[in-house]
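Peer 1: Just need the whole structure built from these sequences, with the hints factored in.
There are 2 protein chains.
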Amino acid sequence: MKRSSIEESVMSVPSADLARKWLRHYASTEHMAGTRGDLEMAEFTRDKMQEFGLERAKIVPMDALLSYPIERHIEVVSTDDASQRWSPALEEAILEEDPTSGSRFRNLTFLAYAATGQARGEMVYANYGRPEDFEELEKRGIHVAGKIVLVRYGQCFRGLKIMNAQAFNASAVLIFSDPEDDGFGKGKVYPDGPWRPASSVQRGSAQFNSLCAGDPARAASGFDSKSRCGLERDELIPSIPAIPISYEDVTPLLERLGGPEAPHGFQGGLNLTYRLGPSSGWEATVEVNNTREVKPIWNVIAEIPGSLEADEDQPIVIGNHRDAWVFGAADPNSGSAVLLEVARALGKLVRDGWQPKRTIVLASWSGEEFGLLGSTGWGEANAGGLLKRAALYINTDVGVSGDTFYASASPSVGRAILHAAAVVVNPATGRPLLNDWDASLGTLGSGSDYTVFLDHLGIASMDLRFGASNSFTYGVYHSTYDSYTWIEKEADPTFAHHVALTRLIGVLAVRFSSSAVLPISLADHGAALSRYVDHLGELPKAGSLDLSVLRDAVRAYRESAVTAPLDNDLLGAHERLFLAPEGLPQRPWFKHVLQAPGLYLGYDAKVFPGIDQAVSDGDGALAQSLVARYADLLRSAAARVGRPQASSSLPPQART
Amino acid sequence: MKRSSIEESVMSVPSADLARKWLRHYASTEHMAGTRGDLEMAEFTRDKMQEFGLERAKIVPMDALLSYPIERHIEVVSTDDASQRWSPALEEAILEEDPTSGSRFRNLTFLAYAATGQARGEMVYANYGRPEDFEELEKRGIHVAGKIVLVRYGQCFRGLKIMNAQAFNASAVLIFSDPEDDGFGKGKVYPDGPWRPASSVQRGSAQFNSLCAGDPARAASGFDSKSRCGLERDELIPSIPAIPISYEDVTPLLERLGGPEAPHGFQGGLNLTYRLGPSSGWEATVEVNNTREVKPIWNVIAEIPGSLEADEDQPIVIGNHRDAWVFGAADPNSGSAVLLEVARALGKLVRDGWQPKRTIVLASWSGEEFGLLGSTGWGEANAGGLLKRAALYINTDVGVSGDTFYASASPSVGRAILHAAAVVVNPATGRPLLNDWDASLGTLGSGSDYTVFLDHLGIASMDLRFGASNSFTYGVYHSTYDSYTWIEKEADPTFAHHVALTRLIGVLAVRFSSSAVLPISLADHGAALSRYVDHLGELPKAGSLDLSVLRDAVRAYRESAVTAPLDNDLLGAHERLFLAPEGLPQRPWFKHVLQAPGLYLGYDAKVFPGIDQAVSDGDGALAQSLVARYADLLRSAAARVGRPQASSSLPPQART
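These protein sequences, in sequence, are chains A and B.
Using the UniProt record's numbering, the letters of the first sequence map in sequence onto residues 1 to 656.
Using the UniProt record's numbering, the letters of the second sequence map in sequence onto residues 1 to 656.
FYI, nobody ran anything at the bench for these hints, they're computed from the structure.
Computed from a prediction, not measured in an experiment: that's the story for all the values here.
Beta carbons are placed, not taken as given, at the ideal position from N, Cα and C, and that holds for glycine.
Just so you know, not all the hints are guaranteed correct.
[As the list claims (entries may be wrong)] Stretch by stretch, here's where chain B covers chain A in the computed footprint (C-beta under 8 Å, at least three residues): (1) 29-37; (2) 105-119; (3) 283-292.
[Unchecked claim] Which chain B residues face chain A? A few, computed with CB under 7 Å, are given here: (4) Arg36; (5) Tyr68; (6) Ile70; (7) His73; (8) Glu75; (9) Glu287; (10) Thr291; (11) Glu293.
Peer 2: Next up, the structure:
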C-alpha cells in the first residue's frame, strides 16, 4: 500500500457514530479499577479489538494495592453547646436531566488511600495546600499541628496537599472544590452548563504522586515499595484521614473559621470572607474508613507485530486508561472511544494487507486513577522485553472534554505532532487541526500513564487531548456527572473532536511505525535543552548557581545533534540518554533528569527538576553538584549523538 | 447490705422505658463492626456505664481481619439465546412502615469473608448444604464439581454450607432464605407480622466457625491462624465466592433448574417443584468483590472489682456483642439494652455502698458477627490474667426476639438459672419466669460469644434469651428490617421481656459474685455426663464401640461429686478439668471434650464431640481411642473432685 492511501484510510475510517456508541457503552456502568464494571469493560475492549482484526488483543491481569470507600463523616460541634452541631451530606445530588446521576457512588465520595481513622479538633484554612501556603499560616502564627486543614483544589496534585499537611502535623485534610477555580466562577454549572455544580465532589487518589508512580505496596508480586521506589509504602500514601468535599458542603465549615482574614491570594469564589482560622468555638470531627487491599486489575494489550526483526524493531505504544471513578465519560472514556476507533482504523489496514515496520501496541490501562497502577506495572514488567527498544509512547486520557486542542510531548517528537496536525482535518471546523491550534507544546509532568514510559524508562512520549479553553481540567472531573449525558450536552455533541483525535493518533501511529526514518528530531531536543538551562538561570533563587558547565554541555550536544546521521537506533533510544541510574534526589524512581512532575506540583512539570528543587530548597551545594552531574550526562549524550553506535552500546534502560 | 435488699434492688431498678431508650439509640444507625457507627456505639456504651457508676468502663481496641462488601452480581443467561438473561436485584425493599429500611446497606447484602472472584456455570440445588445433602446429589449422579450451588438457610451454620460445597469442588454458593423455614411458612411476613418478607436477605459470616473461633488471620498481633487455631487462614474462610439471596430473588433461579425432582426432604416452601439440577440451557454467573483487611474493632470492658484478694477472686463475666449487620435491634442490641440496664442496676448498688466479693466484668463485644472476633481476642489475651480464675461467663446475644424464654448452659450452672427464674417476676405475665418456662437447658454449641470462654478456656457458661416459640431464629434475622420498629411492633412492644432478662442476669450476677459458696453443682454436672455417655451409645453408627471405660469413669466422677466438699477453688475451676490440651480432632482450638459445636452444625452442640464425629465418620479406631482418652480425663477429674486442692494444682488453662 502507498503511504498516502494508508494515511487516507486512517483518516476516513473513524466514525463519529461509532465513537458515540463506544462511549455510550463505556459510560453505561460504573467501572472503578478492580470492580466488575472494570473487568466487563476490559472484556468489551478486548472483544472489540479482536473483532476489528487485532487478533492478539488480550487481558493482562495484575495485582495492586487498591483502596475503596467504606464510609466517611464530617461533623462540627459548638464547644459551648454540644446540641449545636452540623454534618455535611457528602452526597452528589440526583439530577433529573442526567439519568445516571443516581449512581450508588454518588454518596461514596472519597480519596483513595487516605488513611482510615478519626481526627477531632479546630479547623484552619490553607489555601491550595502548597508548602508556601502552610508557611504563610505559620508566619502569621496560625499553627497547623493537630488541626483539621481545609484546602482547595487546584495548583497541585491533591495527594501532595495531604503530604504537605502531614509535614505540618495536621490531623486531617478536607479538600474542597472552590467555585472560583472549579464551579460557577468558570461559567454556568451543570446541567445548565459544563461547570461543577454545588454538590459535586472531585474524588481522586491521595497518593504522593511526585515521589513514585504505580502500586504503593506491590506486595503481591514480591517487590516492595522500598526496592521499587526507594521509599516505604507509608512514605507514598497518607497517614492521616482526608475527604473531598463540595463547595456547598464546605461553606458552613468556612463560615465557622475565625482568626485573621485570609490574604488576597487565599480568597476564593464563595460569597464569604475566607479566614485562616482556627475555628474557635467549633470543633470538627473527620472520620474515614477506606480499605487498602491488594486486588486484581486488568490491562488490555493488543499487539500489531511489525515486519522488522526483533533486534531492529522499535515498538510504538498507544495507551489510554479505562478505569474511572464513576462512569468516566470524559475521564478516560472519551479517550477509550478514540482508542477503539484507532484500533478499528488500524485493524482495517491490517485486514487490507498492511503491516507496519515497527510493532504497534494498543493498551487499555486499568488502575490509572489510583496512581497509574496498570501502565506502571506493565511498563516495569516489560522494560527488558517489548519496551527495551520502544521508540514512542502516545497517551490520551481525557481525550475530549472541550474543543481546544492541547499537546504535551518530549521535545524531540513535538514536530511530528505539528506535521500530523497539519494534515488532520478536524470535522468540527472543516480545517486542519493545526489552523486552530497555537502549536505550543507542553512539558510532560505527571497525572497520566505516560509517566513510567518517559520518566522511568526514557521513552519519548506525547499526551494529546481536547479540553476547555479556560481550565486545566473540566467541570465535572471525577464526579458522578462525568457522564454520557454531560459529553453529549456540554463537550462534544457531534463527536467531531473524538474523530479528530482518532485521526491524529492514527496518522502518528502510521508515521512512527512505518516511516523509514523515525520522525524524531534531535535538533528540537537540543533547542529545548537551551530553554531549560535558561529557565534554571531565571529561577528567583538561582543566585550564585554557576550554570556554565551545563551551558557548555548543551552547546556540545546541539552541535552534535544538528550533524547527527539519521540512525533509527539512535533516534529511538535517544531519550534514554537522559536517564540517571541514581534517579532524582528524594525520588529515585524518577530517572529522567530533564523533566519530572514538580515535587510539590504532581501534575505540572519542572525541567531539570533535581536542580530546580535544590535551588528552591536553598540547597546551593546540591544544586551545583547536580549541575556538574547533568553536564557530564549531557556531554556523554553529545558524544553518543555525534557517533551513533549499535543500540546495544547505548545505555541500558533503568531496570527495577 | 442484706442479700435480700440487694436482690430487691436489682429487681426494681430495671426500667422498660430506659431499655426502650437504649435500644432506640443503638438501632438509630448502622453499626457494623469496625465502622464509625460501631465506635460511636462503643463510646455511648462506655459513657453510659461510667454515668451509671461503673467508672472503670473503657474501650479496649483490637485489630482483626474484617470483610466488607464492595459489590456482588448474579446473572443467568440462556445458552441458546444470549439475549435471554436475568439478574436478581439483591436489594431489600424500602418499607413505608419502617423508617430505617432505606439504609444504604439494603443493597449491600453479602457474606463476610466469602472470596472475591467470579464463577460461571450450571446451577444445582443441594438442600441445606450438609455433607449428606451433597452425598445425596452425587448418589443420584448430579455432580457438584464446577457448579454453582444453591442451598437454603437452616440446619447448620452458613459458613459450613460453603465449606461443604468447597469440599465437593463447587465453584460458588448462593444461600437463600426458604419461606418454609424462614418466611411465610412461619407466619405473616413483615410489616404485617414478624416473619421474613420476600426481598429480605440474611447476611452473615462465611467463616468455618466449627473449626476455630475469632480472627481467621490474626496477622496484626503477630499470631497467625496456624499457631492459634492449628489451621491456616485459608482453611478457615472460603476460597470460592458466595452470596446470600432472598426467596424472591432465588425463585427464577430455582425455576431454571432441570434434572430430577428433588426428594421430599429437599422440597421447600416456594410454589414450585424443587429440582436438583443442573440448569441445562441456563448458565449462571456469580461475582463477588469483598474486602479482607485487618482493621480495628472496639470492645467495651467495665470491671466492678470484688472485695476478695486476687488469689481468691473468681471473676464473673457478663457479655453481649454490640456490632450488627445493619441496625441490629434484636441482634444484638435487645441484649445491649439489657446489658446497660444490668450496668445501671449494678452501678446503683455500687453507689449504695455494695461491693461484690468477686469481680464482675461487663463486656460489650464487637466483631461477633464476623466470627466472635472481640470476645475471642479478649478472652485469649486475658486467659492468664483476669480470666485465670474466672468462675462464670453469662452471655446474652439476641436478648429479645420473641416471648419464649430459652437458656443454654454448662450443666453445673443450670440449677442456678432455675433458682433465679423462680424469683424473677416477668412483667409481661406478672408471674415468676419459671412458671412459663419448661425448665429445659440447652447444650451450648457456638454462634455467640460464650465460645472462647467455655470451649477454649473451660469457664462454665450460660446463654439467656427470649425468642420465638417456633423457630431457632427470628423473622428479620440479619436483615435491614431488624429495626427498632420491628422490635416495637413484633417482638416486645412493652419492653417487659427486656426487663425480665435484665432482672434475671442481675440476680445471677449478684448470686455468683457474692454468695459465700459459688452456686455450681458438681452433681448436676455428673448427671449430665451420664446422659452424654448414654447418647453416645445411642448413635446410629455406634456399633461395636465399647463405652465401658467411659461409663466407669463417669460413675467414679459422680461418686466423688456427691461427696465433694463445697470448695470455691474447685467449683470455680471445675469446668477446666474437661479441657484436653490437644483439643478436638481436626480442630485443636476447641479444648473442651464434653461439648462443642458440631463439626458440620456450627450453631448446635454435640456432646463428646470428638467421639461423636469419629463415630459419624465411621472411624471406629479413633472413636475407641478417644473413649479411652476421655475416660482417663474423667478419672483424673473424679480424683480431683474427691480431693480438692489449692487451685494452683488444678490443671492450668489452655493458653494460646
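Peer 1: So, B:Arg36 near chain A? Judge it on the closest CB pair being under 7 Å.
Peer 2: Nearest chain A Cβ about 5 Å off; hint holds.
Peer 1: Mind taking a look at whether chain B covers the region 283-292 of chain A? Criterion is 3 or more residues with CB to CB distance under 8 Å.
Peer 2: holds (count 4)
Peer 1: Any CB of chain A closer than 7 Å to the CB of B:Ile70?
Peer 2: holds (5 Å)
Peer 1: Counting residues of the region 29-37 of chain A whose CB is closer than 8 Å to a CB in chain B, do you get three or more?
Peer 2: holds (count 3)
Peer 1: Against chain A, with CB atoms and a cut of 7 Å, does the hint on B:Glu287 hold up?
Peer 2: With a minimum Cβ separation of about 5 Å from chain A (threshold 7 Å), the hint on B:Glu287 holds.
Peer 1: The hint names B:Tyr68 as touching chain A; please verify it with the least Cβ-Cβ distance against 7 Å.
Peer 2: holds (5 Å)
Peer 1: Can you verify the interface hint for B:Thr291: is its Cβ closer than 7 Å to any Cβ in chain A?
Peer 2: Hint holds; B:Thr291 Cβ to chain A Cβ min 4 Å, cut 7 Å.
Peer 1: Could you check if B:Glu75 really has its C-beta closer than 7 Å to a C-beta on chain A?
Peer 2: violated (10 Å)
Peer 1: Do at least three Cβ atoms from the region 105-119 of chain A come closer than 8 Å to Cβ atoms of chain B?
Peer 2: holds (count 3)
Peer 1: Can the hint on B:Glu293 be confirmed by a CB-to-CB distance to chain A that is less than 7 Å?
Peer 2: holds (5 Å)
Peer 1: Does the closest beta carbon of chain A sit nearer than 7 Å to the beta carbon of B:His73?
Peer 2: holds (6 Å)
The structure fails hint 8 only (numbered hints given earlier).
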